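A.B. asks: Working from the sequences, and respecting the hints, build out all of it.
If you read the protein sequences in the order shown, they are chains A and B. Going by the working numbering, the first sequence opens with residue 1, and the numbers climb by one from there. Going by the working numbering, the second sequence opens with residue 1, and the numbers climb by one from there.
Be a bit skeptical, because a hint or two may be false.
Which copy is meant is left open, so a pair is good if it fits within one copy or across any two.
Lysine to aspartate or glutamate pairs mimicking EDC-like chemistry, simulated, CA-CA at most 20 angstroms apart [unchecked claim]:
(1) Lys62 / Glu46
(2) Lys62 / Asp22
(3) Lys179 / Glu142
(4) Lys179 / Asp96
(5) Lys179 / Asp223
(6) Lys43 / Asp22
Quick caveat, the hints were computed from the structure, so don't treat them as lab data. This structure is a prediction, so every number in the text was calculated from the model and none was measured.
Chain by chain, the residues run as shown.
Protein chains: 2
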Amino acid sequence: MNNAWHTEMLAEGRVSDRRIGDRDIVDKVRRAVLMQRLPPGTKLPEVTLGEVFGVSRSVVRKALTRLASEHVIDQRPNQVARVRAPSIEETRETFDARRLVEGEVVALLAGRLPAEPLAALAEQARGEVSAFERGDEPARIEHSLTLHHLLAEHSPNRVLGAMLTDLVLRTSIVIALYKRAGLASCYLEGDHSRLLTHLEAGDAEAARGDIHDHLNGLEALLDLSPREARIDLKSILGRAPEQA
Amino acid sequence: MNNAWHTEMLAEGRVSDRRIGDRDIVDKVRRAVLMQRLPPGTKLPEVTLGEVFGVSRSVVRKALTRLASEHVIDQRPNQVARVRAPSIEETRETFDARRLVEGEVVALLAGRLPAEPLAALAEQARGEVSAFERGDEPARIEHSLTLHHLLAEHSPNRVLGAMLTDLVLRTSIVIALYKRAGLASCYLEGDHSRLLTHLEAGDAEAARGDIHDHLNGLEALLDLSPREARIDLKSILGRAPEQA
DNA sequence: GACGAAACTTTTGTATACAATAAGCCCGCC
DNA sequence: GGCGGGCTTATTGTATACAAAAGTTTCGTC
Numbered sequence: 001m002n003n004a005w006h007t008e009m010l011a012e013g014r015v016s017d018r019r020i021g022d023r024d025i026v027d028k029v030r031r032a033v034l035m036q037r038l039p040p041g042t043k044l045p046e047v048t049l050g051e052v053f054g055v056s057r058s059v060v061r062k063a064l065t066r067l068a069s070e071h072v073i074d075q076r077p078n079q080v081a082r083v084r085a086p087s088i089e090e091t092r093e094t095f096d097a098r099r100l101v102e103g104e105v106v107a108l109l110a111g112r113l114p115a116e117p118l119a120a121l122a123e124q125a126r127g128e129v130s131a132f133e134r135g136d137e138p139a140r141i142e143h144s145l146t147l148h149h150l151l152a153e154h155s156p157n158r159v160l161g162a163m164l165t166d167l168v169l170r171t172s173i174v175i176a177l178y179k180r181a182g183l184a185s186c187y188l189e190g191d192h193s194r195l196l197t198h199l200e201a202g203d204a205e206a207a208r209g210d211i212h213d214h215l216n217g218l219e220a221l222l223d224l225s226p227r228e229a230r231i232d233l234k235s236i237l238g239r240a241p242e243q244a
Numbered sequence: 001m002n003n004a005w006h007t008e009m010l011a012e013g014r015v016s017d018r019r020i021g022d023r024d025i026v027d028k029v030r031r032a033v034l035m036q037r038l039p040p041g042t043k044l045p046e047v048t049l050g051e052v053f054g055v056s057r058s059v060v061r062k063a064l065t066r067l068a069s070e071h072v073i074d075q076r077p078n079q080v081a082r083v084r085a086p087s088i089e090e091t092r093e094t095f096d097a098r099r100l101v102e103g104e105v106v107a108l109l110a111g112r113l114p115a116e117p118l119a120a121l122a123e124q125a126r127g128e129v130s131a132f133e134r135g136d137e138p139a140r141i142e143h144s145l146t147l148h149h150l151l152a153e154h155s156p157n158r159v160l161g162a163m164l165t166d167l168v169l170r171t172s173i174v175i176a177l178y179k180r181a182g183l184a185s186c187y188l189e190g191d192h193s194r195l196l197t198h199l200e201a202g203d204a205e206a207a208r209g210d211i212h213d214h215l216n217g218l219e220a221l222l223d224l225s226p227r228e229a230r231i232d233l234k235s236i237l238g239r240a241p242e243q244a
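C.D. replies: Below, the structure written as structure tokens:
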């Protein structure tokens, strides 16, 4: 069958020599899912992963548990773990949740951000623009992700920050999944720099508005029409016998 | 040392005969933490738990991982898992986060709640009142928890619902932890029934306001004065060598 | 040729053994 | 008597073996 992905997995970075733990597996699988190298529904048997990474099932299992708690994979009892395929409905809900949480985070952040993190954010924004202009989509995604990750990290409210980290990952996954066919990249010019301006100026409500607009714009770039529910249909009829 | 808690653990319910998995361990430990039978800082060695529940370390480890992801315990590498002691700052942040999320959930819920779940909510509210009146604090907590749990479950937005479930647990833990000394119970008369009225009437913003007031009231019943930081001090100086 | 059952294979669940690390302890030294 | 080094012990990290369950194939029957 589809036995080609281990080579891709290994290509993700040198694996064999370094001391590798469950953390590395989590990072690499997460990244591969994000980059669509591991499409939804892909089976991830424990022994195979263990062979690829040169560790035993124990550590693989721990990694899979973590990935499941991050909503990257689905883990049902007595069944092989599979890359998750969030439904269209869940996609909408994830965006709604992120609007709420990230809006609040940037509102809290407005005007309270020291110069150093602000510079780091600006650098990511610049990096994203440049990556977009030279057509390097993976790099652009990386910069965008890092930017939002930084926002989460610097959230004055760490509980909300942790939630935002989770939501950023989940939205990124569904963006990769539901991106409109012809679209080269889900990029909205100026959104990030506008946000940073308002953050620096200390305008909390403007920053919240920026986040809302940004996420609305992103969501609009997706193909979430229910008539095109082939993905859902396929994953539910073909693979998932029950869904509570 | 403190080897008495396994008996308490077992008293939590019949354990030996039934088929017990990691889920049961998670439930029982969570409950014990909630009821303050397992105070913060309590060590939870894997072998001991395994002996108590009659399972091997494998399943205990899985249970501990779950508990850590629920923020019930702390799991640092090469160290025994311990019951978590959220700081005062984290307590405030948890309340803030819950205000945001639960407020949104009830706003979404207002007017869209069918009769059946509404009745279930009302029953929990009544149960809470009656438990309070007869001075049965554990039962009162149980009813209150179930009520908020039901709100989370019926959230139209399941992503927010799952987040709320987590936040309800965490706030309950810190309430138990920081409850003012003399206080018999953290109960605010009428709050829940008022919320239900507004939910049924479909007044989203009133419901959101009810949640805000309720959580503000609850937080006010806690002793979060930084001068009384003995709990933090004790747990940090006495047990935790490093804190990232 | 289609259907169904039984063996067979694959894969996960659990227990256990061994290695590595951290904590506690004792003893010698200053 | 206090302090530090090394030893002992307790506990977690990892690998592996076996059991149970799910999935797959094959074969016989209708």
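A.B. asks: Each hint should be assessed against the structure and marked as holding or not.
C.D. replies: Hints, verified against the model:
1. Lys62 / Glu46: both (10 angstroms within a copy, 16 angstroms between copies)
2. Lys62 / Asp22: Intra 6 angstroms, inter 14 angstroms, cutoff 20 angstroms: intra and inter.
3. Lys179 / Glu142: within (17 angstroms within a copy, 44 angstroms between copies)
4. Lys179 / Asp96: Answer is within; shortest intra-copy Cα gap is 17 angstroms, inter-copy 34 angstroms.
5. Lys179 / Asp223: Classified as within: same-chain Cα gap 6 angstroms, cross-chain 49 angstroms, threshold 20 angstroms.
6. Lys43 / Asp22: Close inside one copy (18 angstroms), not across copies (24 angstroms); limit 20 angstroms.
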